[in-house]
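Asks: Okay, here's what each chain looks like letter by letter:
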Amino acid sequence: MRVLIRGAGVAGLTVAHELAANGIEVTVAEIAARPGGGASWFAGGMLAPWCERESAPETVVTLGCRAADWWDDALPGHVVRNGTLVVAPPRDAAELTRFAARTSIFDWLDSEEVGVLEPALMGRFRKALFFRKEAHLDPRRAIAGLFDKLAAMGVRFHFNAAPDFSGAGFDHIVDCTGAHCIGQTAELRGVRGEMLLLETPDVTLSRPVRLLHPRIPLYIVPRGNGVFMVGATMIESEDRGPVSARSLMELLNAAYALHPAFGEARVTETGAGVRPAFPDNLPRLESNGETIRVNGFYRHGFLLAPSIAMEVAAHITASRNSKSQQRAHRSSQGTPLANPPHINPLQIGAGR
Amino acid sequence: MLTLYGTSVSSRLLLGTARYPSPAILADAVRASKTGIVTVSLRRETAGSRTGGAFFELIRTLGVRVLPNTAGCHTVSEAVLTAKMAREVFATDWIKLEVIGNHDTLQPDVFALVEAARILSDEGFKVFPYTTDDLVVAERLLEAGCQVLMPWCAPIGSAMGPVNLRALSSMRASFPDVPLIVDAGIGRPSHAATVMELGFDAVLLNTAVAGAGDPAAMAAAFAGAIEAGRTAFHAGMLEPRDMAVPSTPVIGKAVFS
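Residue numbers (our numbering), protein chains in the order written: chain D, 1 to 352; chain V, 353 to 609.
This is chain D alone, in the form it adopts within the complex (with noise of 0.2 Å):
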């Protein structure tokens, strides 16, 4: 059985990884240079369905506690289980009962507990929520990782493929293009996202720490060596371009806010994607004959995508299996990434 997946971001890379696992023959089609080019480029990494429940039903939790298990059996050494760390500054205390009333495997924290897990946060915040079970990955390093995995297991690549890369002798073609559908998938839309990466010696983190504010809700993930990733920005816009110096000055408040020391961070890199989202903000997997389109990750592509290539699989294996059994033929013929990808510093034109 063949099967050809249009996309190389994190949804299209978990599938690849489902079904070559799966014994299936898979072709990848990407019509950028590189994997990971459109939103997961940008994403966060955070294995959080317990915090997005702040926000986002149930299903999220549901389909997102495997995550960190599925990212750690995938790729092992790129998940880091440290929870994840909720704080507020003080005059906005009531944003974190506000937060703890909608979510739940939390413990409470004291101003003492929260300097013992991050000594840098010592004195800082008189309390805050920790979410034990919680988890993080880089996505950058867990795409290229996943990348050079699936190329070791015979999975082919075909990067600057056209848009309408033929899908000709495969069984079942795989629609992973996320925001590029936006405009032909009903109901699709793009939800603006902006990052910034800091460096600074001088603060050490070991989670993503959330900073809770009445207007900017803001995470910092730490993705060692001394850089943090700040994001993101939320807006109802396609807009892909660069990121606006209102979000730059509101995600720099809060690492700011966070910690004064990050006034002195370098800023190495900005950028801004489009998370494409439907209406409920949840993903959907929809199956029409030999076609299959998974898309609306909306801002949970890493902890939602492995949820969805499961299912992609185990409803390709069960039309394999109704039919005649083939044994699928492995290549060894995948493209390795040459170089790291390209990162604009200080971005202009978003790095896209």
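Calculated from the structure, these hints are not laboratory results. We put the CB at the ideal spot given by N, CA and C, even for glycine. Wrong hints could be hidden among the right ones.
[To be verified] Only some residues are given here: those of chain V computed to face chain D with a beta carbon under 8 Å:
(1) P373
(2) S374
(3) A406
(4) F407
(5) L410
(6) A506
(7) P507
(8) A568
(9) A569
(10) G588
Please arrange chain V on chain D, whose structure you already have, making use of the hints.
Replies: Relative to the frame of chain D, chain V by itself:
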């Protein structure tokens, strides 16, 4: 029935569209509120050619009137420009005029507000000014061409509820024939009922519904409270007194010794 700039409005609840968990939940809340008017803010990112289209398409499918606002504007020129862009994007001359004067309290800059209201009214806009409960400012806004006033009852999003009932009462008494809509500061349905009992014509709110655990249920609760407050205003309420009055008459009651 409430009439705003010559248009009859069936519901006395105006609902903001920001900060809902998802557009689907926003749509549920709008339906549950039975509102006829929603406010939508225009951002620079959404004013461009193809941007924000899907979200506004969803708003359009709700079948309610859109009242665009100039949220986040701090100067007259910014507010006037935003109003003009909103007129293009939403094809309406209604505009909720916000000119923020204080970053922390989001208090309106009433001087800039009056000036922007005059400019926009002269250009044919039907201006809904977000103002304070100051009577002199209200007077100036009416002179500038406004036919509706939207005083705050507490800072935007604060959920404090009416912090100065006497000022609101005196505003109602001073402008008996002007539609008065309480905009901003409402936290719970009882707050909305309270200002409706004072005789206000409608309530505009956003965060109290969008930030609720179940926005659609909260929207329905507000709709009920607003209707209750309005009905009570017309039904004639008792004045409080400091002496108990038994609800069952005592005179004429049989005495058993």
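Asks: Against each hint, give a clear statement of whether it holds in the structure.
Replies: We went through each hint and held it up to the structure:
Interface restraint check: P373/V against chain D, minimum CB-CB distance 4 Å, threshold 8 Å, status holds. Below 8 Å, beta-carbon pairs count as interface contacts, and S374/V has one with chain D at about 4 Å; its hint therefore holds. Because the beta carbon of A406/V sits about 3 Å from the nearest beta carbon in chain D, less than 8 Å, this interface hint is met. At about 4 Å, the closest approach between the beta carbon of F407/V and any beta carbon in chain D falls short of 8 Å, and the interface hint on this residue holds.
Taking 8 Å as the C-beta contact cut-off toward chain D, the hint placing L410/V at the interface holds, the least distance being around 6 Å. The beta carbon of A506/V is not positioned within 8 Å of any beta carbon in chain D (closest approach about 14 Å), and the interface hint is therefore violated. With a least beta-carbon distance of about 11 Å to chain D, the hint placing P507/V at the interface is violated under the 8 Å criterion. The interface hint given for A568/V is violated, since its Cβ lies 13 Å from the closest Cβ of chain D, which is over the 8 Å cut-off.
Contact between A569/V and chain D, as hinted, is not supported at the beta carbon level, the nearest pair being about 14 Å apart and thus beyond 8 Å. Interface restraint check: G588/V against chain D, minimum CB-CB distance 38 Å, threshold 8 Å, status violated.
In this structure, the earlier hints numbered 6, 7, 8, 9 and 10 are contradicted, and the remaining ones agree with it.
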